[in-house]
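**Q** Given the structure of chain A, go ahead and fit chain B onto it with the hints provided.
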Amino acid sequence: MKTTCEADVRMLPGGAVIVLSGEIDGHAADTLTAAYERAVASGDPATVVLDFADVRYINSTGIALIVSVLARARSQRRAVVASGLSDHYREIFDITRLSDFIELFPSLDGAVSRLTEAAG
Amino acid sequence: MTSMTSPSFRQLASFTVRSEPGNERLALAQVAEAVAGEGLSPGRLDRLKTAVAEAAMNAIEHGNRNQPEVPVDVEVTAADGDIVVTISDQGGALEEAGPSAEPDLAAKLAGEQPPRGWGLFLIRHMVDAMDVTTEGTRHTVRLVMRAAGRDGAGGPDRGAAEAEEGGPREDHV
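Protein chains in written order, with the numbering used here: chain A, 1 to 120; chain B, 1 to 173.
Next comes chain A alone, as it looks inside the complex:
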């Protein structure tokens, strides 16, 4: 059963946004890695926002991919924040302690507001 993940990268003052959609599982590795590289290639963003509002499914391999992105960002002294997680996946971010390292926003607008305030 094939799954799909798509990622749209947007640059904003103070950061970059990766808008994810579909499923975050093992098949998402190349998409997520390429999106992160596009996000940091221009502008050297201090913060990378991962937006999950259109993500339908995250499995343990997807959690591992997010851990890898977070580790890479931290090694580059970038912050990672997340928006749009459902209640269920917020719970999983809490259980795995991802929410200790990734600030969560209910919506992308809230995360973007924080970015633009910080940049202003």
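In short, the hints are calculated from the structure, not lab data.
Being a predicted model, the structure only gives us computed values, none of them experimental.
Just so you know, even glycine gets a beta-carbon here, dropped at the ideal spot from N, CA and C.
One thing to keep in mind: the hints can contain errors.
Claimed, not checked - If you want a taste of the chain B side facing chain A, the calculated C-beta under 10 Å gives, among others:
1. 21
2. 117
3. 120
Said to hold, decoys possible - Which stretches of chain A does chain B cover? Using the computed rule of at least three CB atoms under 8 Å from a CB of chain B, they are:
4. 70-77
5. 104-116
**A** Chain B only, in chain A's frame:
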């Protein structure tokens, strides 16, 4: 705990999925359909779906080693307020290098643990109880969700899980 001798025992579904990557989503969809109307809150249904998907993925990848013709068997039953999902593969116990460490995000970020290794951890935290049995090559994970449980409640019945013969097979997902 439920028993097949319980007067309220009902089989809600019994099916197989081929051992192909991604087919855990077929399993979770069929389980979700089977338990519709059994009184699980939306939050607890999401928890059960995640647990089923992780157990099925483990069965496909590490039990049946992605051999499509080797089926993963799934059974869904209800009795006495419990919903029980059993997921079986043909991988046996597969005790390889002893128990791995509980996943620790700080250790993973420090490079002291690999990024993966969340599957069994998630299962344990999603359901009210789980146990694992191995008979010959047949390896079965049994997930229990109480229909009337509270959202956010639950967590593993670790005693039951650890008391079973062989203990949980290491997963690497």
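**Q** All hints are to be evaluated individually against the structure, with a verdict given for each.
**A** Hints and how they fare:
| no. | hint | verdict |
| --- | --- | --- |
| 1 | 21 | holds (7 Å) |
| 2 | 117 | holds (8 Å) |
| 3 | 120 | holds (9 Å) |
| 4 | 70-77 | holds (count 3) |
| 5 | 104-116 | violated (count 0) |
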